[in-house]
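If you read the sequences in order, they're chains A and B.
Numbering follows numbering that gives the first Met the number 0, with no gaps: position 377 of the first sequence is 376.
Numbering follows numbering that gives the first Met the number 0, with no gaps: position 95 of the second sequence is 94.
Careful: at least some of the hints might be erroneous.
[Unchecked claim] Facing chain B, according to a computed beta carbon distance under 7 Å, are these residues of chain A, among others:
(1) Pro77
(2) Trp92
(3) Thr96
(4) Phe98
(5) Ser106
(6) Pro160
(7) Thr231
(8) Ala319
(9) Phe409
None of these hints come from the bench; they were simulated from the model.
None of these values were measured; they are calculated from a predicted model.
Glycine residues also receive a C-beta, built at the ideal position from the N, C-alpha and C atoms.
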Amino acid sequence: MARIELRDVTKRWGSYYAVEHLDLTIEDNAFVTLLGPSGCGKTTTLRMIAGLETPTEGRITIDGVPMFDSEMGINVPPNKRRVGFLFQNYALWPNMTVFQNIAFGLSNINESGAAVNDAGEVVRDETGKAPARKLTKEEIKRAVDRVSAIVKIGQFMDRYPSELSGGQQQRVAIARTLAPGPRVLFMDEPLSNLDAKLRLEMRSELQRLHLSTGSTFVYVTHDQMEAMTLATRICLIDNGVLQQYDEPLTVYNKPNNLFVADFVGNPAVNFIEASGTQDGNGALNLSILEDHKASFLPNGGLKIADWYAQDDKAQAEIKAKRDERAKQPGYVEKTNKDTVFNYNIARVVDNEEKRPAPTRQDFVLGVRPEFIKIDDSGAIEGEVFSAMPTGMETTVKIRVGNFLLTAVVFGGVVYKIGQKVRLSFSGDNIMLFSRENGRMIGNGTIQL
Amino acid sequence: MTALASPKPSRFRRKMNSIWTYLSKPQNTILLALGIILTVTTIFPMVTIVRDTVRLHPGSVDTNANAADAQVEVMGETYTTYNWTNLFTDNITTRVGRERVTRSVASIYLWTPLLNSIFISIFACFGAILYGGVFAYLVTRTNLKLKKYLSSIFIFPYIMPQWTLAVMWQNLFNSNVVTGGNDGLLTSVFGVHMPLWWCQGIFPVSIVLALHYAPFAYILIGGIFRNMDANLEEAATILNTPRWKTFLRVTLPLVKPAILSTILLVFSSAMGSYPIPHYLKLNTLSTQYVGMSSNRAGQASILAVIMMLFGFLILIVNQRTTSGRKNFTTVTGKSGQTSVVNLRSGKYIVAVIFFITTLATGILPIILFAIETFLPNPGDYSFLTNGIAGHMTTKWWMTAENVTENGMYGQKGILFNSEIWNAFGGTLIVAVLCALCAGTIGTLIGYCVSKNRRSKWAAYVNNMAFLPYLMPSLAVGVAFFVFGSNVGIYNTFLLLVLAGTVKYIPFASRSALNSMMQLSGEIEEAAIIQDIPWWKRMTRIIIPIQKTSIISGYLLPFMTCLRELTLFMLLCGQGKIITTMLGYFDEMGLYAFSSGINLILIVVILLFNTLVNKLTGASLDAGIGGGK
């Protein structure tokens, strides 16, 4: 129904860049989540697409029709964009009953050939030739009935919002948003005010809703789990800059950089600092965890030097583009500077001393907890630091020297604190990052 | 994608596009229009008053022979510097008894009244904060008895006309021997003669001002006490902090902003108060202005300019203090039960003390005014001493024809006096129109400013609307008097409504802004997204949700207008509105009439307050309490 395109969209307040030169294409019928830490610009992005916030510059189109264009001076007001918006605290009108809340927007439709079909859906004449008309009372009733049936709030129609529970309010808000038949549905952290159990339930209902309405959904959240489970694509933003825009599993397994790797996944990924060189066979001989030796074999025979050459070229292009922007009149320097992500190495005792600047022989390995294998054949010896069994799985923190590694073991395994264990790294999805710039070099396998 | 291929429009076209986008938001258009209107209505009268200080006034001292050489002609108009030079440099010789004393003009017309004004303002601040603040603490944080009754009676002096307590003071303590005129209640019943300093001058003026503005302090400080998160104090208690230390280090700093804004508001209001020093015979800037406005008109304007400068000063201080870091948010929303200090048996004793004082300031004036209207002659309380009810009379109310005997001076009784009822009608017209204009404009300002929080223009409009609030009433009155005479609308309802609207917009804009700020922007955005037009969003969503505070925004200007004298007395003839009519009867010595008018005013105001409170839940204290 709707394809959204953002080109070079920037929003800044003074010299603070909330969103910086964002390019994003949201395909029709997609379920895209905008994910990032709080204050990263994801809500601003959503509000700019909806028209509630005016970008500083750039271009936004919905279905090819420009909604905002700083060069052309176009800015279609939010009410003319035909979108739906679900607010974080629902924004139900407290002075109206549930029915009135849902019907209010419908009673206001006055568009060419507007009508409600037998199924209760609002239809319009897309050619624009039919005369504008208002919906009749029966039509409005039919449309309200349809959406209230979808979210199962039929029995609350005469109540006021204050007489409803949080979950019920949420459903009313969804019904109100769906009623006029928006082509896109924007949601701003819609589940964050619900308790954990209800949130899980609503999550699955939203997924069904996406399927049944066939609309494009854009969804803001800071909860990576919500993003992973719901989205067809995740758009990860940090400090106003797009970090990665991919399918959930790609984001999980092939994160663009240390920030993405760290942000996605729970329990968080293990970062292990490593340094060494690539030998003739393509294997990196690394020293890790103070006194352990490991060999990292990149998938697809990747040459580290080639990667750096390519990366340097790409970075030079980006820098050239940025320099050119800086020359343009009206350019404002970003005060909220972008920095290389300061990854956290888990240690028993934090002894953060000043270290020399990383060289191209310095790397960071990213190991997801499920790739750490605990069995007696493991090459590294450690000691159980803490163990948290949930029944379905057990999260174990293992101490190796001064370092802590987190592993997930499936099934109800009981570990004793202080118990000696041996571990190894399994699978070919171990990630290798450059410590110099934080970007991911590639996946591979580790042999100890 | 055809749009992509279209050529880049011209710079002019793009500019027009962006202006159109800006103006297509109603709040921007309204803000622009209101900003321009307010600038004109606020700044223009001020400019005219400054200009008035250098203008020639026919029949005034600046046209006398000495002043001829100080005149300059500019563009066909005659200007003079005489008013400034005479006021600040010349001396004047007066006869005091047999001696001739030479004093500078400034010391007589400027420094003495200025010092008096400053002194009573400072004392009024301290008195109001002490009395109102202590009461606020007792009502909100202790287990005082009779809280509900006391807190509603406590604000009576603020609702009632300013001069009520001053007149009551006169009626109680005056005596023919000490002050001249009629004997007051104390003298006629008990034969007690209070000393002159007690009856007139700085002492009673300060006390009466403090009592009048104490409710203000109570409402502002009490608002913070009431909403204060109890956890803040409990946290200190858990850390084993002594109670007095908790109060000094935690509680007091939190109410400091409220105390500061009380000081600023009381200071500027006391400075511009006319009736209280007038009745209690103290020479202040405002009485001095009125006293010299006919033969030293230009110099009187200089006094008004000085009063305005105080207003600006207060505005600047207000800006500094409210925007600073120490402006705490005390409303966290999570505060549960506020802890209550147990006064033990003190809860009865303190309640009785306040019961008596509020009785004296809130109920007694009404009773006294009522009695006055039944006395055969002013101050003749003989029915109290001889117990004969026949010594009372209803002639002040009931006389239906013109009679010159009985001390009626040809006036009909209050109930049949068309002049009084015409003036009363005039007051109602002014009050209703002022309330409608000020309430509507103030609400719109509150709405628009809350929608444009970051915009400098919005901040400017907000300040422009707030400025007259901090200007002494008399200075605003003078500005509009000079402005109105120049434009030729003196003694019209138009001028009264204009002045009243400008002066009272802040009441409405404050309460609207505060409540709009608490309304999440999403509530309206949810409607915008659904293409609901602006007027429908206002009438169906914003106004219904905020109706209480919006009604207070209309109620406050209305109430204040009913009892306003200082602002209006220069702008119209005496028969136009009821408060100036009251001054006329006072001058005539028809005290029973003025008491009767006072009584009617007070009863009407209290009735309206109760009615609106019962009907809508809005109340005066809630409105004032919303002040920044």
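How the hints compare with the structure:
1. Satisfaction of the interface hint for Pro77(A) is found here, the shortest Cβ-Cβ separation to chain B being roughly 5 Å, below the 7 Å cut-off.
2. Interface hint at Trp92(A): satisfied, since its Cβ lies 5 Å from the closest Cβ of chain B, which is below the 7 Å cut-off.
3. For Thr96(A), the interface hint is violated, since its Cβ never comes within 7 Å of a Cβ in chain B; the closest pair sits about 13 Å apart.
4. Because the smallest distance between the Cβ of Phe98(A) and any Cβ of chain B comes to about 14 Å, over 7 Å, the interface hint for this residue is violated.
5. Interface hint at Ser106(A): violated, since its Cβ lies 9 Å from the closest Cβ of chain B, which is beyond the 7 Å cut-off.
6. Because the smallest distance between the Cβ of Pro160(A) and any Cβ of chain B comes to about 11 Å, over 7 Å, the interface hint for this residue is violated.
7. Against a cut-off of 7 Å between C-beta atoms, the interface hint on Thr231(A) is violated, since the closest Cβ of chain B lies about 24 Å away.
8. Contact between Ala319(A) and chain B, as hinted, is not supported at the beta carbon level, the nearest pair being about 24 Å apart and thus beyond 7 Å.
9. Checking Phe409(A) against chain B by beta carbon gives a least distance of about 41 Å; that is not within 7 Å, so the hint is violated.
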